[in-house]
Every structure is written in structure tokens, then in C-alpha cells.
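Engineer: Sequence:
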Amino acid sequence: MRQIPLLSYLLGVLAFTSILEVHAESPYRYYDWNVTYGTISPLGVPQRGILINGQFPGPTIDCDTNDNILVTIYNNLDEPFLITWNGVWQRKMSWQDGVVGTNCPIPPNTNWTYKMQSKDQIGTYMYFPSTEMHRADGGFGGFNIHRRPVIALPYPEPDDEFTVLVGDWYNLKPQYIHGAAWMLRHKLDYGYGMPMPDGLLINGKPNNTIFTGEAGKRYLLRVSNVGIKTSINIRIQGHTMILVEVEGSHVLQETYESLDIHPGQSLAFLVTLDNTVKDYYIIASTRFTRKTLSATAILHYNGSNTSPDNHLPVGPTYQVHWSMKQARTIRWNLTANAARPNPQGSYRYGGINITKTIIMGNSAEKMQEKYGIQKMYYGVNNISYINPNTPLKLADYYNISGVFNFNTSRNQPTPGPMVHGTVVYDITAHDYAEIIFQNNEATTQSWHLDGHNFFVVAFGANEWSPDMRRKYNMVDAVWRSTVQVYRNSWTAVLVSLDNKGMWNLRSAIWHRQYLGQQVYLRVWNDEISLRTENDIPPNALKCGKAVNY
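First residue of the sequence shown: 204, per my numbering; consecutive thereafter.
Honestly, the hints are just simulated from the structure, not real lab data. Predicted model only: the values in this text are computed from it and were never measured. Keep in mind that the hints are not guaranteed to be accurate.
To be verified - Here are the simulated DSSO-like cross-link-like pairs (lysine-lysine), alpha carbons at most 30 angstroms apart as the crow flies:
no., residue 1, residue 2
1, K376, K408
2, K322, K559
3, K573, K390
4, K745, K322
5, K578, K748
6, K573, K376
7, K674, K528
8, K390, K578
9, K295, K748
10, K408, K481
11, K481, K420
12, K420, K408
13, K295, K745
14, K748, K573
15, K322, K295
16, K528, K559
17, K569, K376
18, K318, K745
19, K494, K569
20, K295, K318
21, K390, K376
22, K578, K494
23, K748, K318
24, K494, K376
Build the full structure now, drawing on both the sequences and the hints.
Structural biologist: Pasting the structure below:
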């Protein structure tokens, strides 16, 4: 038998192994989620809540970069239902976005499977219901994407990690027999304002959630604000926090005594258990509210028999300037890798020419409804968004007329009365857009963009003008998907709109989104290729004018 030289044999094995690696698919993770109503009492008042597999909050998704995620939702509620994946890009997959502009809601007593890939992502995210006001009943949870083994961490390896979900909560009032979501929707639809939350929760409880660690060890806390209205400050008694990641971006590792986290935002920080062996409070408290609400959890040192000291560290309350100064310290770590081995800072965003500028002005106005009701609506540039019965994505795919019109969108604030409209911006794929969020109201806002991250280049007071561009951070601005806009202020972001699809840009303060403060971006070019956008999934639900397609 002819002998094969050792070098040739090894080269052949290496080539064959490389072929297998090129063509091997990333791992698949399957989740079956039974969505039901159940009785919960987060603040001591029994009420109807939304459970996932009997859990409140819902189960945490833990996966690795590039994993394929299949989540089958069994909707056992009495209303149509969708879940959206806040901050998870779903590259090429706006069909799976889970908002009513892209998906028909899952009807009661049926199921539907989301198929996603955590493509080129690593970081801390969340999921929650996107339909109606369902978020106020629960159905939310953490979504953590871990690095692959070949990707180095730009900070010391933690000994363990904890998912921390903070958020506001509404008790059910005695006159309502349904959940808080139904109660709030009823009040908003009949012209009442959004009330103050009744309390805060940490992982579904106002107190007694326990996180246990060992003295001397280091822990990563992944924190998301899953609430629907309120900015929150988080701090830990007797400990400092080293911020390391914000919605998938590694940041400069600054040390903080407390951190603000606004509705829809996620971040991760390191805490070293380097104090006396005892228990310590983790405190969450509201920001910019007349009455300060708070919740506590326990950081428990293993072996401790000592309760926390009741002298809690005082957090900020109404100080906007303090929060804006802190926000400016959160910057991209240009020496850190992203979900790929190359440095995340190698993307020199400051040298790209801006091709489109959109100024998005908050609008709020009472409009006359039937039966003499004066109902508050919110909008962008005096247009309050109305959801059509046919998802925009289906209408666009099948060329169904009469669902939306590009001429409805406005690129800057426009004087005049508020009007209703289905606002869709026509964006050319790979446009590099400057978006200014202009907030002339006395409350802090929060905005989220699906399918993309953006560079938060500036915060400023009063009215934005083109001269403000000289203040932009064009070197190491943080890259994230949700950003706050302080009262009577503006926030500027830059975004490469390179993910084809129909993407929701919305207020993360949920009653404002529900009452019209959202738009869609149709990011498109004429290239037909699965490299740039996946085809319509075979299990796509059809509704409205698309029901017979």
C-alpha cells in the first residue's frame, strides 16, 4: 500500500477540518413558552399577571454569539399577543421582530415560532410583550448573549453572573377585574392621564430577592429596566460598580457609586465582594419623580448571619444635570473586541459623511374623540402613529396599497395641530443618518430603535441647532439601541442604517408608544439576496389585507 507522507496527511486533515468549520451551522437552542394568565401579588395586591411557563418574570434566555434561537410561543391569553426582543439585532430578520408593524399578532389558543440568530452580538438585553399595554402585566425577562470561547473578555473573568430586572409596577385597582394592563389601557382610552407607578420591583419583588456570592470573588450583574414609565437609579450598599458593557458594547471601565438606567435600557457592571462578610442592600429608586419609589434586594455573602445595615446610601432624585454628566462618561472602549476578534473601535464612525438628518420632535396634544372625550395622543413632529390592520412588512412585501404612504413622514418638527398617520420613513440601505431627538417637555424621555445600534454623540439642553455638531463626540461615543432624552433637552445619535427591513423606532415609555409616539424606518435597496435580508418565513402569519396572500 502506498504510504502518504506525514506532512501531506496533516495538510489534508487541516483542509478537511477547515471545510467542516466553514459549513458547520451554529448551535440551535429551542424554547417552548406557554403564555398564560395567573394570579400574582408583586406589591401585595393580588392581580392577574402574564406568566411564561408559570414564571413571573419570565425565564432568562442564555445563549452564545451566533447561536440559532427558536422560541415557540403558545398563546393561552384571551387576546392576540407578541413578544419583541429589545436590542437583539435580528440581522436580516425583521420578519422576527415581534412588533405589529412586522408581525401579525399570535391569536389566542394558537402558537407561533420565532427563529432568530444572535448574529455577531454579545451583551445584555431583554424581551417583553409588544402588544397593547401587556407589558404592565409581565411577560418580560432577560436575554443574555455570551461570548464564544475564541473571543477574549476585555475585563477580568467574573466568577459568576446575575440577571437583574428592575422596573416600575402598577397595582390593580379594586374596581377592575382584569390585570393592570387592561386597567391602564381603559384609563388611557377614556382620556385619563398615565398615573404614577405604585412601586418598583427587582426580579418581580419589591424586596427579599437574594443574590449570593463568595467573599473576595467578582460578579457580573446584568441589569435591564423592564419598566414602562420610570427612569431608575441602582446602587449597592458598601460597594462600587465597574461598568463594562451597555447593550452589546464594551465601554471604558469607569467606577460608579450609582448608575441611572432608563426605560428599555440594559447594562452590565462588575462588583467585587471585598467588604465585611455580611449582607448588603441593592437599592433601586426612581428618578425625576415627585415621590421617590424604591425597591431593595440582598447581596448576601455566603456564610453571613448579619442583616444589612438600614442606613441606605442616598441616591439622586430629580437632578437632571447630574444624570447628563454621568451619561457623557459612558464611552466606547476602542481597545476592546466585539463579538468578533477585531476591535469594536476599528469602526471609525466619525469619518463617515451624513446622508440624512431627521429631527424627531416630541408631540403631545389632546384630541376630540367620540362622546366628547378629550384623549391625549403622543406623536413625532405632530403626527400620532396609527397601527393599520395589515403589518407594514407584509404590505411592503406583497405590494399591498392603502396601508402606508411615505409622504406621511416629516423630517423635522412641523407647526400645526396633531394629526393621525401611519408614519414610515423611506430609507436607502446604508444611509448614514443623523437623528436628533428633540424633547421640549418637562419629563425625561427614552427612545429605542429595533434592528440597529446607534452612536450617542451628544446630549444638550434646550433646542438643537446645526451649530451643536461641533460638540459631538466623533471618536468614542457609546454604541447602543436605547437612549434617554432629558427634559427640555435634545440627544443626537448617528446610525448606519445597514440592516434591511421594516424597523420600529419608538418611545420606550410605553403609554406614549401605545398612544402614537413611534414611527417605522423602511431600510431598503433593490438588491435581492439572502445575504442582505432573509425571505419571508414559511410560518408567517397573515392578517388584514394580506390574509389571502
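Engineer: Each hint needs a verdict: does it hold in this structure or not?
Structural biologist: Going through the hints against the structure:
Proposed proximity of K376 and K408 is supported: the alpha carbons are some 19 angstroms apart, at most 30 angstroms. Among the hinted pairs, K322 with K559 is consistent with the structure: their alpha-carbon atoms are about 27 angstroms apart, no more than 30 angstroms. For the given pair, K573 sits about 15 angstroms from K390 by alpha-carbon distance, which is consistent with the 30 angstroms threshold. In summary, the hint linking K745 to K322 is supported, as the alpha carbons are separated by about 27 angstroms, within the 30 angstroms threshold.
The straight-line distance between the Cα atoms of K578 and K748 is roughly 29 angstroms, inside the 30 angstroms bound, and the hint therefore holds. Proximity of K573 to K376 is assessed by CA-CA distance (about 26 angstroms); at most 30 angstroms being required, the pair is judged to hold. Restraint check for K674 and K528: satisfied, since their Cα atoms lie roughly 14 angstroms apart, inside the 30 angstroms limit. With a CA separation close to 10 angstroms, the supplied pair K390 and K578 stays within the 30 angstroms bound.
At most 30 angstroms may separate the alpha-carbon atoms for a hinted pair to count; K295 and K748 meet this at roughly 24 angstroms. At roughly 21 angstroms between alpha-carbon atoms, K408 and K481 fall within 30 angstroms of each other, so this suggested pair holds. Between K481 and K420 the CA atoms are separated by roughly 14 angstroms; this keeps the pair inside 30 angstroms, and the hint holds. Of the supplied pair hints, the one linking K420 and K408 holds, its CA atoms being roughly 26 angstroms apart against a limit of 30 angstroms.
For the suggested pair K295 and K745, the alpha carbons sit about 20 angstroms apart, so the restraint of at most 30 angstroms is met. For the proposed pair K748 and K573, the alpha carbon gap of about 26 angstroms is at most 30 angstroms, so the pair holds. At roughly 10 angstroms between alpha-carbon atoms, K322 and K295 fall within 30 angstroms of each other, so this suggested pair holds. With a CA separation close to 28 angstroms, the supplied pair K528 and K559 stays within the 30 angstroms bound.
Straight-line distance between C-alpha atoms of K569 and K376 comes to about 25 angstroms, which keeps the hinted pair within the 30 angstroms bound. Of the supplied pair hints, the one linking K318 and K745 holds, its CA atoms being roughly 17 angstroms apart against a limit of 30 angstroms. Distance hint between K494 and K569 is fulfilled; the C-alpha atoms sit about 26 angstroms from each other, no more than 30 angstroms. Restraint check for K295 and K318: satisfied, since their Cα atoms lie roughly 12 angstroms apart, inside the 30 angstroms limit.
Restraint check for K390 and K376: the C-alpha separation of about 12 angstroms stays at or below 30 angstroms, so the hint holds. About 26 angstroms separates the Cα atoms of K578 and K494, which keeps this hinted pair within 30 angstroms; it holds. For the hint pairing K748 with K318, the CA-to-CA distance comes to about 24 angstroms; that is within 30 angstroms, so the pair holds. The suggested pairing of K494 with K376 holds, with an alpha-carbon distance near 20 angstroms, which does not exceed 30 angstroms.
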